[in-house]
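Let's have the full structure, built from the sequences with the hints guiding it.
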Amino acid sequence: MSAFRINPVFLAVLVILTFVLAAKAESRPHSTFSTQADGQVVVDGLAFGSMQAYLNSDYFRLSGKRCGTMSPERIESDQGSAQKSLSDCTTAQTVIQNEYWPNTVLTIPVVVHIIHKTDGTGNLDDGRINRQIDVLNKDYAAMAGTLGEEGFNTMIQFRLETVTRTANDNWFDDNDEEIYKTALGWDRSRYCNIYVNSAGGNLGYAYFPQDSPGVRDGLVIFYDVFGGRREGIAPYNQGRTAVHEMGHYLGLYHTFEGYEACQNTYTTGDLIVDTPAEAEDHYGCTQTSTCASPDPIHNYMNYTDDSCMNQFTREQANRMVCSLLNYRPDLAVDPPKPRPITPVFMLLLDD
22 MSAFRINPVF
32 LAVLVILTFV
42 LAAKAESRPH
52 STFSTQADGQ
62 VVVDGLAFGS
72 MQAYLNSDYF
82 RLSGKRCGTM
92 SPERIESDQG
102 SAQKSLSDCT
112 TAQTVIQNEY
122 WPNTVLTIPV
132 VVHIIHKTDG
142 TGNLDDGRIN
152 RQIDVLNKDY
162 AAMAGTLGEE
172 GFNTMIQFRL
182 ETVTRTANDN
192 WFDDNDEEIY
202 KTALGWDRSR
212 YCNIYVNSAG
222 GNLGYAYFPQ
232 DSPGVRDGLV
242 IFYDVFGGRR
252 EGIAPYNQGR
262 TAVHEMGHYL
272 GLYHTFEGYE
282 ACQNTYTTGD
292 LIVDTPAEAE
302 DHYGCTQTST
312 CASPDPIHNY
322 MNYTDDSCMN
332 QFTREQANRM
342 VCSLLNYRPD
352 LAVDPPKPRP
362 ITPVFMLLLD
372 D
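If you're matching positions, the sequence shown starts at 22 in our numbering and goes up one per residue.
Hints in this document: simulated from the structure, not taken from any laboratory.
Even glycine gets a Cβ: it sits at the ideal position worked out from N, Cα and C.
Any given hint might turn out to be false.
Claimed, not checked - Label-pair ranges, simulated between beta-carbon atoms:
no.	residue 1	residue 2	range
1	Ser310	Asp197	35 to 45 Å
2	Tyr304	Ser71	37 to 47 Å
3	Gly305	Pro350	33 to 43 Å
4	Ser92	Asp351	41 to 51 Å
5	Ala255	Asp79	41 to 51 Å
6	Gln178	Ser106	32 to 42 Å
Now the structure itself:
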(Lines of atoms letter the chains of each structure in order from A and count residues from 1; the text may use other names and numbers.)
(Lines give C-alpha, C1' and ligand atoms only; values in the text may rest on other atoms or scores of the structure.)
Protein backbone atom coordinates (compact mmCIF):
# COMPACT_ATOMS: atom_id res chain seq x y z
CA MET A 1 0.00 0.00 0.00
CA SER A 2 1.44 3.35 -0.99
CA ALA A 3 1.67 6.02 1.69
CA PHE A 4 -0.44 9.17 1.36
CA ARG A 5 1.79 12.22 1.33
CA ILE A 6 0.71 15.81 1.83
CA ASN A 7 2.33 18.30 -0.50
CA PRO A 8 4.50 20.49 1.77
CA VAL A 9 3.58 23.64 -0.20
CA PHE A 10 -0.14 22.89 0.25
CA LEU A 11 0.46 22.27 3.97
CA ALA A 12 2.28 25.59 4.32
CA VAL A 13 -0.58 27.43 2.60
CA LEU A 14 -3.10 25.69 4.86
CA VAL A 15 -1.21 26.65 8.00
CA ILE A 16 -0.87 30.28 6.91
CA LEU A 17 -4.55 30.47 5.99
CA THR A 18 -5.51 29.05 9.39
CA PHE A 19 -3.67 31.83 11.19
CA VAL A 20 -4.84 34.54 8.78
CA LEU A 21 -8.49 33.56 9.00
CA ALA A 22 -8.32 33.20 12.79
CA ALA A 23 -6.85 36.69 13.07
CA LYS A 24 -9.40 38.02 10.59
CA ALA A 25 -12.20 37.05 12.96
CA GLU A 26 -10.81 39.41 15.60
CA SER A 27 -9.09 42.31 13.85
CA ARG A 28 -7.63 43.30 10.51
CA PRO A 29 -4.39 41.29 10.27
CA HIS A 30 -1.29 42.99 8.99
CA SER A 31 -0.32 41.47 5.67
CA THR A 32 3.10 41.56 4.07
CA PHE A 33 3.52 42.40 0.41
CA SER A 34 6.54 42.90 -1.81
CA THR A 35 7.31 42.99 -5.52
CA GLN A 36 10.35 41.36 -7.07
CA ALA A 37 12.50 42.50 -9.99
CA ASP A 38 11.34 39.52 -12.07
CA GLY A 39 7.67 40.45 -11.69
CA GLN A 40 6.87 38.05 -8.87
CA VAL A 41 4.86 39.25 -5.90
CA VAL A 42 5.25 37.84 -2.39
CA VAL A 43 2.21 38.06 -0.11
CA ASP A 44 2.37 36.81 3.47
CA GLY A 45 5.43 34.76 2.55
CA LEU A 46 3.82 33.12 -0.50
CA ALA A 47 5.30 33.79 -3.95
CA PHE A 48 3.15 34.28 -7.05
CA GLY A 49 4.43 34.54 -10.61
CA SER A 50 2.72 37.87 -11.21
CA MET A 51 0.14 40.20 -9.74
CA GLN A 52 -2.44 38.67 -12.07
CA ALA A 53 -1.57 35.18 -10.80
CA TYR A 54 -2.04 36.40 -7.23
CA LEU A 55 -5.46 37.92 -7.99
CA ASN A 56 -6.51 34.64 -9.63
CA SER A 57 -5.30 32.52 -6.71
CA ASP A 58 -7.34 30.71 -4.07
CA TYR A 59 -5.26 32.47 -1.45
CA PHE A 60 -6.47 35.89 -2.62
CA ARG A 61 -10.07 34.80 -2.22
CA LEU A 62 -9.86 32.62 0.88
CA SER A 63 -7.90 35.21 2.84
CA GLY A 64 -10.33 38.01 1.93
CA LYS A 65 -7.79 40.23 0.20
CA ARG A 66 -10.46 41.78 -2.03
CA CYS A 67 -11.10 44.05 0.94
CA GLY A 68 -9.15 44.23 4.18
CA THR A 69 -11.75 46.29 6.04
CA MET A 70 -12.75 44.70 9.33
CA SER A 71 -16.25 45.10 10.71
CA PRO A 72 -16.35 46.99 14.01
CA GLU A 73 -17.64 45.24 17.10
CA ARG A 74 -21.42 45.21 17.24
CA ILE A 75 -22.61 47.19 20.25
CA GLU A 76 -26.17 48.08 21.14
CA SER A 77 -25.54 51.77 21.69
CA ASP A 78 -22.60 54.09 21.17
CA GLN A 79 -20.98 54.62 24.54
CA GLY A 80 -20.32 58.15 25.70
CA SER A 81 -23.06 59.72 23.60
CA ALA A 82 -26.58 60.67 24.56
CA GLN A 83 -27.50 61.91 21.08
CA LYS A 84 -30.38 59.92 19.67
CA SER A 85 -29.28 60.74 16.12
CA LEU A 86 -26.13 58.68 16.60
CA SER A 87 -28.28 55.63 17.30
CA ASP A 88 -29.82 55.87 13.82
CA CYS A 89 -26.78 54.25 12.20
CA THR A 90 -24.70 52.41 14.79
CA THR A 91 -22.65 49.25 14.40
CA ALA A 92 -25.74 47.29 15.50
CA GLN A 93 -28.68 48.88 13.70
CA THR A 94 -29.96 51.21 11.02
CA VAL A 95 -32.99 53.43 11.57
CA ILE A 96 -34.22 54.82 8.26
CA GLN A 97 -35.17 58.47 8.84
CA ASN A 98 -36.64 60.97 6.40
CA GLU A 99 -33.98 63.51 7.36
CA TYR A 100 -31.32 61.29 5.78
CA TRP A 101 -32.91 60.93 2.37
CA PRO A 102 -30.48 62.77 0.08
CA ASN A 103 -31.89 66.17 -0.86
CA THR A 104 -28.80 68.34 -1.10
CA VAL A 105 -25.29 67.68 -2.35
CA LEU A 106 -22.79 66.88 0.40
CA THR A 107 -19.22 67.41 -0.81
CA ILE A 108 -16.32 65.66 0.92
CA PRO A 109 -12.84 67.23 0.59
CA VAL A 110 -10.28 64.56 -0.32
CA VAL A 111 -6.50 64.48 0.06
CA VAL A 112 -4.72 61.73 -1.88
CA HIS A 113 -1.36 60.54 -0.53
CA ILE A 114 0.71 58.67 -3.14
CA ILE A 115 3.24 56.48 -1.32
CA HIS A 116 5.57 54.96 -3.90
CA LYS A 117 8.81 53.02 -4.00
CA THR A 118 12.10 54.82 -4.45
CA ASP A 119 12.37 53.24 -7.91
CA GLY A 120 9.11 54.99 -8.88
CA THR A 121 6.76 52.00 -8.62
CA GLY A 122 3.31 53.23 -7.66
CA ASN A 123 3.95 56.90 -8.42
CA LEU A 124 0.65 57.55 -10.22
CA ASP A 125 0.32 60.71 -12.27
CA ASP A 126 -2.14 63.52 -11.54
CA GLY A 127 -4.36 62.55 -14.47
CA ARG A 128 -4.99 59.09 -13.07
CA ILE A 129 -5.75 60.51 -9.64
CA ASN A 130 -8.28 62.94 -11.09
CA ARG A 131 -9.90 60.14 -13.07
CA GLN A 132 -10.42 58.15 -9.88
CA ILE A 133 -12.13 61.11 -8.23
CA ASP A 134 -14.28 61.38 -11.35
CA VAL A 135 -15.30 57.71 -10.97
CA LEU A 136 -16.24 58.31 -7.33
CA ASN A 137 -18.41 61.27 -8.28
CA LYS A 138 -20.15 59.49 -11.15
CA ASP A 139 -20.82 56.30 -9.20
CA TYR A 140 -22.08 58.06 -6.07
CA ALA A 141 -24.33 60.22 -8.25
CA ALA A 142 -25.53 57.26 -10.37
CA MET A 143 -24.88 59.53 -13.33
CA ALA A 144 -26.92 58.75 -16.44
CA GLY A 145 -24.91 57.38 -19.34
CA THR A 146 -22.18 55.94 -17.08
CA LEU A 147 -21.44 52.46 -15.76
CA GLY A 148 -23.15 53.35 -12.47
CA GLU A 149 -26.42 54.71 -13.79
CA GLU A 150 -28.42 51.75 -12.42
CA GLY A 151 -27.82 52.86 -8.84
CA PHE A 152 -29.41 55.40 -6.50
CA ASN A 153 -28.07 58.96 -6.38
CA THR A 154 -26.56 59.34 -2.91
CA MET A 155 -26.02 63.10 -3.40
CA ILE A 156 -22.51 62.62 -1.98
CA GLN A 157 -19.66 64.09 -4.02
CA PHE A 158 -15.89 64.40 -3.65
CA ARG A 159 -13.50 67.29 -4.26
CA LEU A 160 -9.77 66.72 -4.61
CA GLU A 161 -7.97 69.23 -2.42
CA THR A 162 -4.37 68.24 -3.00
CA VAL A 163 -1.97 65.37 -3.68
CA THR A 164 1.09 64.46 -1.62
CA ARG A 165 3.87 62.22 -2.90
CA THR A 166 6.19 60.24 -0.67
CA ALA A 167 9.02 57.90 -1.70
CA ASN A 168 9.40 55.29 1.03
CA ASP A 169 9.84 51.58 0.34
CA ASN A 170 8.73 50.57 3.84
CA TRP A 171 5.53 52.61 3.75
CA PHE A 172 4.83 51.47 0.19
CA ASP A 173 4.61 47.92 1.57
CA ASP A 174 2.02 49.27 4.06
CA ASN A 175 4.27 48.84 7.07
CA ASP A 176 3.99 51.19 10.06
CA GLU A 177 0.44 52.26 9.19
CA GLU A 178 -0.05 54.53 12.19
CA ILE A 179 3.35 56.15 11.67
CA TYR A 180 2.83 57.05 8.01
CA LYS A 181 -0.72 58.18 8.63
CA THR A 182 0.42 60.39 11.50
CA ALA A 183 3.11 61.92 9.28
CA LEU A 184 0.98 62.43 6.17
CA GLY A 185 -2.66 62.68 7.20
CA TRP A 186 -4.54 65.98 7.06
CA ASP A 187 -7.11 66.91 9.72
CA ARG A 188 -9.27 63.77 9.73
CA SER A 189 -12.34 65.63 10.94
CA ARG A 190 -12.33 67.88 7.86
CA TYR A 191 -10.70 65.81 5.12
CA CYS A 192 -10.97 62.28 3.81
CA ASN A 193 -7.42 60.96 3.50
CA ILE A 194 -6.82 58.36 0.79
CA TYR A 195 -3.44 56.58 0.99
CA VAL A 196 -2.29 54.79 -2.16
CA ASN A 197 0.40 52.12 -1.77
CA SER A 198 0.53 48.30 -1.87
CA ALA A 199 -2.25 48.05 0.76
CA GLY A 200 -0.36 45.08 2.17
CA GLY A 201 -1.64 42.75 -0.55
CA ASN A 202 -5.26 43.82 -0.14
CA LEU A 203 -7.02 45.72 -2.90
CA GLY A 204 -7.99 48.20 -0.21
CA TYR A 205 -9.29 48.77 3.29
CA ALA A 206 -10.92 51.50 5.32
CA TYR A 207 -12.33 52.19 8.78
CA PHE A 208 -15.91 52.70 9.91
CA PRO A 209 -16.71 56.13 11.42
CA GLN A 210 -18.65 54.36 14.18
CA ASP A 211 -15.45 52.60 15.25
CA SER A 212 -13.58 55.79 16.31
CA PRO A 213 -10.53 54.90 14.21
CA GLY A 214 -8.44 57.92 15.24
CA VAL A 215 -5.17 58.31 13.33
CA ARG A 216 -5.92 55.20 11.23
CA ASP A 217 -8.98 56.85 9.68
CA GLY A 218 -9.24 57.05 5.92
CA LEU A 219 -8.86 54.71 2.95
CA VAL A 220 -5.86 52.66 1.83
CA ILE A 221 -5.97 51.56 -1.82
CA PHE A 222 -3.64 49.31 -3.83
CA TYR A 223 -2.00 51.53 -6.43
CA ASP A 224 -2.77 49.33 -9.44
CA VAL A 225 -6.55 49.43 -8.86
CA PHE A 226 -6.64 53.18 -8.24
CA GLY A 227 -7.68 55.22 -11.26
CA GLY A 228 -10.32 55.64 -13.93
CA ARG A 229 -12.13 53.26 -16.23
CA ARG A 230 -9.96 50.47 -17.66
CA GLU A 231 -6.91 51.60 -15.68
CA GLY A 232 -4.96 49.12 -13.63
CA ILE A 233 -5.16 45.38 -13.42
CA ALA A 234 -8.25 43.42 -14.51
CA PRO A 235 -10.84 42.55 -13.32
CA TYR A 236 -10.50 45.38 -10.80
CA ASN A 237 -9.80 48.15 -13.29
CA GLN A 238 -12.91 50.34 -13.22
CA GLY A 239 -12.08 52.37 -10.10
CA ARG A 240 -14.60 50.48 -7.98
CA THR A 241 -12.21 49.53 -5.15
CA ALA A 242 -12.18 53.16 -4.00
CA VAL A 243 -15.98 53.29 -4.42
CA HIS A 244 -16.30 50.17 -2.24
CA GLU A 245 -13.90 51.35 0.47
CA MET A 246 -15.53 54.79 0.58
CA GLY A 247 -18.76 52.93 1.37
CA HIS A 248 -17.10 51.49 4.49
CA TYR A 249 -15.73 54.94 5.36
CA LEU A 250 -19.36 56.13 5.29
CA GLY A 251 -20.66 53.29 7.45
CA LEU A 252 -21.69 50.53 5.03
CA TYR A 253 -21.10 46.83 5.65
CA HIS A 254 -20.53 44.16 3.02
CA THR A 255 -23.75 42.86 1.51
CA PHE A 256 -22.80 39.38 2.76
CA GLU A 257 -22.22 40.52 6.36
CA GLY A 258 -23.48 37.82 8.70
CA TYR A 259 -22.86 35.14 6.07
CA GLU A 260 -24.95 31.98 6.44
CA ALA A 261 -27.70 33.54 8.59
CA CYS A 262 -29.61 34.74 5.50
CA GLN A 263 -31.37 37.33 7.65
CA ASN A 264 -32.38 40.66 6.21
CA THR A 265 -33.36 43.19 8.88
CA TYR A 266 -32.16 46.54 10.21
CA THR A 267 -30.38 44.76 13.09
CA THR A 268 -28.85 41.77 11.27
CA GLY A 269 -26.54 41.22 8.31
CA ASP A 270 -25.55 44.49 6.65
CA LEU A 271 -28.26 46.35 8.65
CA ILE A 272 -30.03 47.23 5.39
CA VAL A 273 -33.30 45.68 4.19
CA ASP A 274 -33.32 46.64 0.51
CA THR A 275 -30.07 44.75 -0.16
CA PRO A 276 -31.07 41.08 -0.62
CA ALA A 277 -29.69 38.66 1.96
CA GLU A 278 -26.53 36.89 0.82
CA ALA A 279 -24.86 33.92 2.51
CA GLU A 280 -21.29 34.38 1.26
CA ASP A 281 -18.92 36.73 -0.51
CA HIS A 282 -19.20 36.69 -4.29
CA TYR A 283 -16.40 36.87 -6.85
CA GLY A 284 -16.72 37.12 -10.62
CA CYS A 285 -20.03 38.16 -12.16
CA THR A 286 -22.23 35.06 -12.24
CA GLN A 287 -25.69 35.41 -10.74
CA THR A 288 -26.29 33.13 -7.75
CA SER A 289 -28.91 32.76 -5.03
CA THR A 290 -27.31 31.76 -1.75
CA CYS A 291 -30.44 32.78 0.16
CA ALA A 292 -34.08 33.05 -0.94
CA SER A 293 -33.54 35.75 -3.57
CA PRO A 294 -30.87 36.53 -6.19
CA ASP A 295 -27.63 37.72 -4.59
CA PRO A 296 -26.84 41.45 -4.95
CA ILE A 297 -23.93 40.89 -7.31
CA HIS A 298 -24.23 44.41 -8.74
CA ASN A 299 -23.90 46.16 -5.40
CA TYR A 300 -20.72 48.12 -4.75
CA MET A 301 -20.41 46.50 -1.31
CA ASN A 302 -20.00 42.98 -2.71
CA TYR A 303 -16.73 41.37 -3.91
CA THR A 304 -17.68 40.99 -7.58
CA ASP A 305 -15.61 42.19 -10.54
CA ASP A 306 -15.54 45.95 -11.07
CA SER A 307 -17.46 45.67 -14.34
CA CYS A 308 -20.28 43.89 -12.51
CA MET A 309 -20.75 46.58 -9.84
CA ASN A 310 -23.09 49.45 -10.62
CA GLN A 311 -25.22 50.45 -7.64
CA PHE A 312 -25.90 51.58 -4.12
CA THR A 313 -29.48 51.17 -2.88
CA ARG A 314 -31.79 53.84 -1.43
CA GLU A 315 -31.32 52.58 2.12
CA GLN A 316 -27.55 52.36 1.74
CA ALA A 317 -27.64 56.03 0.75
CA ASN A 318 -29.77 56.82 3.82
CA ARG A 319 -27.28 55.09 6.12
CA MET A 320 -24.29 56.82 4.46
CA VAL A 321 -25.87 60.26 4.89
CA CYS A 322 -26.70 59.38 8.50
CA SER A 323 -23.10 58.30 9.14
CA LEU A 324 -21.72 61.40 7.44
CA LEU A 325 -23.90 63.88 9.33
CA ASN A 326 -23.67 62.22 12.75
CA TYR A 327 -20.22 60.61 12.90
CA ARG A 328 -18.33 62.94 10.55
CA PRO A 329 -20.22 66.20 11.21
CA ASP A 330 -17.38 68.54 10.17
CA LEU A 331 -16.44 66.69 7.01
CA ALA A 332 -19.10 67.89 4.57
CA VAL A 333 -20.60 70.82 6.50
CA ASP A 334 -19.11 74.20 5.63
CA PRO A 335 -16.17 72.54 3.83
CA PRO A 336 -12.86 74.38 3.42
CA LYS A 337 -12.53 76.68 0.44
CA PRO A 338 -11.09 75.07 -2.69
CA ARG A 339 -7.35 75.31 -2.94
CA PRO A 340 -5.08 74.72 -5.95
CA ILE A 341 -4.31 71.06 -6.59
CA THR A 342 -0.58 71.42 -6.17
CA PRO A 343 1.25 68.15 -5.53
CA VAL A 344 3.31 68.11 -2.34
CA PHE A 345 6.53 66.19 -2.78
CA MET A 346 8.17 64.38 0.12
CA LEU A 347 11.15 62.04 0.10
CA LEU A 348 11.45 59.71 3.05
CA LEU A 349 13.98 56.98 2.49
CA ASP A 350 14.37 53.75 4.40
CA ASP A 351 17.20 53.53 6.86
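Going through the hints against the structure:
1. Separated by about 44 Å at the C-beta atoms, Ser310 and Asp197 satisfy the suggested range of 35 to 45 Å.
2. One distance hint, 37 to 47 Å for the beta-carbon pair Tyr304 and Ser71, is violated here, with the actual separation near 19 Å.
3. The hint said 33 to 43 Å for the Cβ distance between Gly305 and Pro350, and at roughly 39 Å that hint holds.
4. Restraint check, Ser92 to Asp351: a C-beta distance of roughly 25 Å breaks the suggested window 41 to 51 Å.
5. Remark: the range hint 41 to 51 Å for Ala255 to Asp79 is contradicted by a beta-carbon distance near 18 Å.
6. For Gln178 paired with Ser106, a C-beta distance near 23 Å fails the hint of 32 to 42 Å.
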